[in-house]
Amino acid sequence: MNYEEKIKELGYELPVAPKPLASYIPAVVTGNLIFTAGQVPIVNGELKYSGKVCDEKTIEDGIRAARVCVLNCLSVIKNELGSLDKIKRIVKITVFVNSAEQFTDQAKVANGASDLLVEIFGENGKHARSAVGVSELPINSAVEIEMIAEIKQ
Amino acid sequence: MNYEEKIKELGYELPVAPKPLASYIPAVVTGNLIFTAGQVPIVNGELKYSGKVCDEKTIEDGIRAARVCVLNCLSVIKNELGSLDKIKRIVKITVFVNSAEQFTDQAKVANGASDLLVEIFGENGKHARSAVGVSELPINSAVEIEMIAEIKQ
Amino acid sequence: MNYEEKIKELGYELPVAPKPLASYIPAVVTGNLIFTAGQVPIVNGELKYSGKVCDEKTIEDGIRAARVCVLNCLSVIKNELGSLDKIKRIVKITVFVNSAEQFTDQAKVANGASDLLVEIFGENGKHARSAVGVSELPINSAVEIEMIAEIKQ
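These protein sequence lines map, in sequence, to chains A, B and C. Positions -8 to 144 (the working numbering) are the ones given, in order, by the first sequence. Positions -8 to 144 (the working numbering) are the ones given, in order, by the second sequence. Positions -8 to 144 (the working numbering) are the ones given, in order, by the third sequence.
Since the list gives no way to pick one copy over another, a pair counts as held whenever it fits inside one copy or between any two copies.
Below 30 Å or equal to it, Euclidean Cα-Cα: the simulated DSS-like pairs (lysine-lysine) are:
1) K143 / K10
2) K39 / K99
3) K(-3) / K10
4) K117 / K39
5) K117 / K10
6) K(-1) / K69
7) K77 / K117
8) K79 / K117
9) K143 / K79
10) K69 / K117
11) K143 / K69
12) K99 / K10
13) K117 / K143
14) K(-1) / K39
Hints are computed from structural coordinates only; laboratory data are not their basis.
Can you make the complete structure from the sequences, with help from the hints?
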C-alpha cells in the first residue's frame, strides 16, 4: 500500500493543493529537502476552521484543523514531487495555533498533525516539532502548519 | 544585469548590513544553504517601522517594513557570500507581523517581501513562505523576516 | 576539554533529555543537519519557568529559562548523536518568548541562549537567530527554543 492509499484507508482525502494566498509558491525543493509554505485548513478554496482555539473554536476543532493543514502540506508536496512515495521521511513541522488568551494546550492541537503523520508514514512519519500559540493568523485561520520533508534520492 | 543592479533599477538600495541586536551572527552557511537571522526594518542603525500593523502602523507601512526586512536579509547574505550573484534561489521566508488585535491580513504585509524577491530574482526568487501574526517583536519592530537561500556551487 | 566538560566547567548540567509532550520525536537527522523539536525549560519532568516574561516572570527569569531550553536542545542532540562532540557548528535557533503586553526585550531573553552557545562551543557556537514574542506557549512555558545544528561528517 502506498502513502496515498494509506491516507484513503485512514478515511481522509488529499485535498486539491491550495493556491498560495499571495505571490509565493507552495513548496520548494533544495538538495534532499522540500520546504512547504505555511498551510491553513483550506479545502476547495474555503477556510474550514477560523478563529481562536479555545474561544471561537474548541480544541477538538483545532485538532481537526491541524489534520487538514497536514493534508494540505502533503498535497503541495505531491504536486511538486509527483508522488508522496518520493518522501523519505518527515523532518520537521512548525504548528502555529491561533490561541485564545490563557490557552496553553497547543501540544494537543498539534497532535492532530503529528498523529496523522505517523499513521500515514509509520516510522518515516516521526518528526521534530515546534508548537506555539500566536495572537493572529492570516485570514483568521485557526491553525497554520509548515513542513520540511526529506526526499528519496 | 546582476542582482544588485536590479535592486537599484527597482529604486531600492541595499542597506548596510545591520549588526545583530545581540550575541548571534547575521547569517550562517551550511552545505548549500544560507540561513539568515531574523531581520527587522533597521536602516543605518535606526528602526524605520515600529508598532503594531493595523494600529500604530497601516498595512501599507507594514508592506514597506517587509521590503526593508528583505533588503536587510539580502544585505547580510551579500556580506557573508561576497555577492548576491552567488544566490541560486530563495528557498523560504518566515514573516512575523506585529499584529493589532483582529488583524488578519498578514499575507498582504508579507507580499511586500515576496513581491520584491520575485522582482529582484525572477524565477529564482520564488519561495515558500509562512506568515504569522505575533503579539510582540524585538524593539517593537512592526515586522521581522528570516530567510533561507540556496547557494550556487 | 570536550563540549560536555565545558558545560560542567561553566557550572551547568546537561538535563536528562525531556520526553516530547506528544507524538513527535525530540530530534531528526537529515543529511548533515539535525533539527530539534521546540524545547521548553523542563528539568526532571518539571517545568521550571512558566508564565509571561515581564509579567509573571522577570527578564532575568526569561534569560535563565532560555539557558535551560538550550541545554535541553543539546541534551536531545546528544541522545540522538551519542556525543555533543559530533556537532560541527550551531546553525540557527528560533526563540519564542511568552511575552507580556508591550514587552519588547525578546533579544535580551534570547541572549541567555545565544551567550551560552558561544560559551560552550566558541566560534562553532555562533549561530543565526530569530527571536519573537508570542501570546501563548505550550503548558504556559515562559520560553520555547528550537535548534538546527550541523553534524561533523
